[in-house]
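Chains as they are written, first to last, in the working numbering: chain F, 0 to 489; chain X, 0 to 489.
Watch out, some of these pointers could steer you wrong.
Distance ranges between label pairs, derived from CB positions [what the hints assert, rightly or not]:
no.	chain 1	residue 1	chain 2	residue 2	range
1	X	D117	F	G368	45 to 51 Å
2	X	N111	F	W18	49 to 55 Å
3	F	F159	X	S232	57 to 63 Å
4	X	S371	F	G396	16 to 22 Å
5	X	N382	F	G388	31 to 37 Å
6	F	G388	X	D103	54 to 60 Å
7	F	G388	X	E135	50 to 56 Å
Bear in mind the hints are in silico, worked out from the structure with no lab data behind them.
Think of the CB as a built atom: it goes at the ideal place given N, C-alpha and C, for glycine as much as any other residue.
2 protein chains.
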Amino acid sequence: MPERFATDRLRDARQISDWAETVDVIVVGLGSAGACAALEAHRAGARVLVLEKQAQGGGTSARAAGQFYLGGGTALQTACGFEDSPEEMATYMKMACGPGAPADKIDLFVKNAVLHYDWLVEQGVPFRPTFIPTTEATNPPGPDGLTYTGSEPAYPWCEFALPAPRGHNVENEGDSGVVLMGVLLDRIEREGIEIRANAETTRLAMDENGRVVGVGIREGAPESEEEKWLAASGGVILCTGSFGFNEEMLARYAPPLLDCSPVGSEAEDGLGIRLGMAAGGDAIRMDAGCVMIPFSKPRSLVRGIIVNGRGERFINEDVYQAVHGDVALKRQDGISYLILDADSYSEPLLPFPSAGQADTPQGLEEKLGLPSGSLVATLARWNEGAELGEDPLFHKGAEWITTLTKPPFRAVDLRCETFPYPFFTLGGLRTDLDGRVLTPEGEIIGGLFAAGRVSSGLPAQGYNSGMSLSDCTFFGRRAGRAAGTILPSH
Amino acid sequence: MPERFATDRLRDARQISDWAETVDVIVVGLGSAGACAALEAHRAGARVLVLEKQAQGGGTSARAAGQFYLGGGTALQTACGFEDSPEEMATYMKMACGPGAPADKIDLFVKNAVLHYDWLVEQGVPFRPTFIPTTEATNPPGPDGLTYTGSEPAYPWCEFALPAPRGHNVENEGDSGVVLMGVLLDRIEREGIEIRANAETTRLAMDENGRVVGVGIREGAPESEEEKWLAASGGVILCTGSFGFNEEMLARYAPPLLDCSPVGSEAEDGLGIRLGMAAGGDAIRMDAGCVMIPFSKPRSLVRGIIVNGRGERFINEDVYQAVHGDVALKRQDGISYLILDADSYSEPLLPFPSAGQADTPQGLEEKLGLPSGSLVATLARWNEGAELGEDPLFHKGAEWITTLTKPPFRAVDLRCETFPYPFFTLGGLRTDLDGRVLTPEGEIIGGLFAAGRVSSGLPAQGYNSGMSLSDCTFFGRRAGRAAGTILPSH
Chain F
0 MPERFATDRL RDARQISDWA ETVDVIVVGL GSAGACAALE AHRAGARVLV
50 LEKQAQGGGT SARAAGQFYL GGGTALQTAC GFEDSPEEMA TYMKMACGPG
100 APADKIDLFV KNAVLHYDWL VEQGVPFRPT FIPTTEATNP PGPDGLTYTG
150 SEPAYPWCEF ALPAPRGHNV ENEGDSGVVL MGVLLDRIER EGIEIRANAE
200 TTRLAMDENG RVVGVGIREG APESEEEKWL AASGGVILCT GSFGFNEEML
250 ARYAPPLLDC SPVGSEAEDG LGIRLGMAAG GDAIRMDAGC VMIPFSKPRS
300 LVRGIIVNGR GERFINEDVY QAVHGDVALK RQDGISYLIL DADSYSEPLL
350 PFPSAGQADT PQGLEEKLGL PSGSLVATLA RWNEGAELGE DPLFHKGAEW
400 ITTLTKPPFR AVDLRCETFP YPFFTLGGLR TDLDGRVLTP EGEIIGGLFA
450 AGRVSSGLPA QGYNSGMSLS DCTFFGRRAG RAAGTILPSH
Chain X
0 MPERFATDRL RDARQISDWA ETVDVIVVGL GSAGACAALE AHRAGARVLV
50 LEKQAQGGGT SARAAGQFYL GGGTALQTAC GFEDSPEEMA TYMKMACGPG
100 APADKIDLFV KNAVLHYDWL VEQGVPFRPT FIPTTEATNP PGPDGLTYTG
150 SEPAYPWCEF ALPAPRGHNV ENEGDSGVVL MGVLLDRIER EGIEIRANAE
200 TTRLAMDENG RVVGVGIREG APESEEEKWL AASGGVILCT GSFGFNEEML
250 ARYAPPLLDC SPVGSEAEDG LGIRLGMAAG GDAIRMDAGC VMIPFSKPRS
300 LVRGIIVNGR GERFINEDVY QAVHGDVALK RQDGISYLIL DADSYSEPLL
350 PFPSAGQADT PQGLEEKLGL PSGSLVATLA RWNEGAELGE DPLFHKGAEW
400 ITTLTKPPFR AVDLRCETFP YPFFTLGGLR TDLDGRVLTP EGEIIGGLFA
450 AGRVSSGLPA QGYNSGMSLS DCTFFGRRAG RAAGTILPSH
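Using the sequences plus the hints, can you model the full thing?
Spelled out as structure tokens, the structure:
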């Protein structure tokens, strides 16, 4: 009788008589996390094999806007004339990445963010030493290097941490994830790291000591292809991304996200999380998602006010789009309208539909089907504060405060049912600072690493643009180094 | 070298040479789920051993109010003159237990709820055939059998499902979980089912086929006590309750609950969830909790209005306390005040503190530090509707609508920071309809069952009083039957 584990995703290595190949480190998934893991493992002296189930590497990172969240005084910040400190950055991130932000990962990251930026530059990732104010930011981003990408200048964050621009944008006209991945993939090729494309990882192999020692794969398109086993003496690094495209997993772990629209590569089916759990790994914060409402391009639209289904404001409109998205989805049942007057209105760059237009606040309120008098009262109250340059309710930044009095009044429809909010999942495998996958008891699973969105990383439950790429690359590198350096503690 | 799994919570059965005992079914944890599982497994012909880590059985169930959520036309409903149907009950539960309510479990439960009630009565659980209106309900409950325990008569549920009282209250003066557990424990004793108290389960044993075949235990108080191994040929049923008392687990899976106050037995440290995950089990909806704000006794307090930190209403005040709690904690940052006037005020039965008192709405608003004009406007708007007997914003039931105009105006402080909301966790192991623990791939883990709050059950992400006891006992019974009946599919 064959020996087996409770799940078919895990196989007893003693049952595998025919190992097709043996390397030191196997990296599963070739997005930015996998690329950085592969590079560092290789440079640590390991023989590395990268498995990519799609025809070529790149993953969701290659489709990303291409921003890194970095700071604490990077060369780019300095070149653009901005000061920043690791301490301010840590304070901000601990607020922005929560509730329950991972203090240990944030502390390590902010201490090393300057060096991580330098490393990216050394690899050849281009950053133009120019700053672009939020007011002039375009969609997709232009080639300028530095910008604000989060809620740093917004209330309440600005009261706790000195704002600094920390969006480090890879140079390109348009989305630049493709440039980033071009550079990293080029490095991998030049350093002679082997990539196996069209190779789907099917299972993990575990030895008699509970250590992960290899993977099963199927190569090529046909499902009928025979499973092959590849051994990895140093470890397996899972870099397979999120589970946003797996509806069954969303239903089990994060049902509200089913109403939203996943972004990234359709390859993100949560396989790595399931493989890691099969090996005994803990999966944490599985309800967390980055949910975005990218209405604020042009940025002048922030002068409008956002109201819920009761015609009430619920947020300062100048927060980062993923703060707004999270609050709108989880606290306001996915109902959000942007209210503008003739002076503040311009066409949103993204095709959010109009929810109505009228010559009076009351007329607009009726068109939206809001409770009688609600929007009228909200606008009156807003204008009363705006006359004084104040937003006593939500403390929107003074630069965005204008009265909204000139007809026609318009509502941009930011409801989830109209324009399903783009999202990606943030929950995943629990890892230590070197990307080692941990069990629910906190034990290290020998030979198993994870980095990027397959894991719960820096943005545990709150997100700013660039945090995922930073998490993927920074902790991908650490996992690669740890796996590539054969240590007794493995 | 000893063979082992990635986690020490799991042991290779082949390494165990010395099995202290062998039975058919081991039940871990003797609350209501464990008691029902033990009874049904025993009655199916299995030799059952129950392990309880505390000095005696009862668990959180013995501390519970003692209500079951049942309906569809139970003998008690009929005796009290109420009609109900499984269909209406299913419709309601699918709304109330979500988002992402488990349709399959709910359908099975409502189809069998009448029989489950009869079974409880057969065991000797007393229900007095009297109905008590919500208005007269006391805290703790009195001896009357039938009551409303959820949001059935409240908006929006009443628009979708015909309300019926489904709270089936075990007869007692005061909390009656102790009566329920007395009956069940007495049955267990009379039927000669063996209970091992002060026995802490430490690990699961898994055989070469990935099947759970036993448990490790330590008996008696001292940690130094040697680990003993007990074999279970039919299966192990985990009934160890929730993880509300494990702060590390809360931090990993449900950080907002760290601000609240766990209810139940301190034994609820999530051990069973961790054991199940060690065996490869999926843990789902781990962020879900039943969070309560039990302000509404006396029920007349529902005539007040509830406002948030901006002085706005956010819910119809007549919803079930766990709906209010969930919304207040997760949508309003744990800020909730109950506003009353002289006519509607009476002392809350639970010691919620006063947040202030004033002769005018404006005075009260100032005392609470609410934004200027906010509470004044909210009260004016409320009174405008109340004059017409209406609540156009939230559709509170007409019986609770009165104007709030007579000074003094008072605020009861329902903030989480003042009175940490009582809660218990709802997330746990993923199980099928027979309590079999499933992997993230949906595979059945042979020999491993779970029931009650160690699993994700009927109240997946929404709660009404009585749903947990019903889930524990109904699915506990099913797990016991399945484990006790040796089937090839195990």
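We went through each hint and held it up to the structure:
1. X/D117 - F/G368: 45 to 51 Å: holds, 48 Å
2. X/N111 - F/W18: 49 to 55 Å: holds, 51 Å
3. F/F159 - X/S232: 57 to 63 Å: holds, 59 Å
4. X/S371 - F/G396: 16 to 22 Å: holds, 21 Å
5. X/N382 - F/G388: 31 to 37 Å: holds, 33 Å
6. F/G388 - X/D103: 54 to 60 Å: holds, 57 Å
7. F/G388 - X/E135: 50 to 56 Å: holds, 55 Å
The structure shown violates none of the earlier numbered hints.
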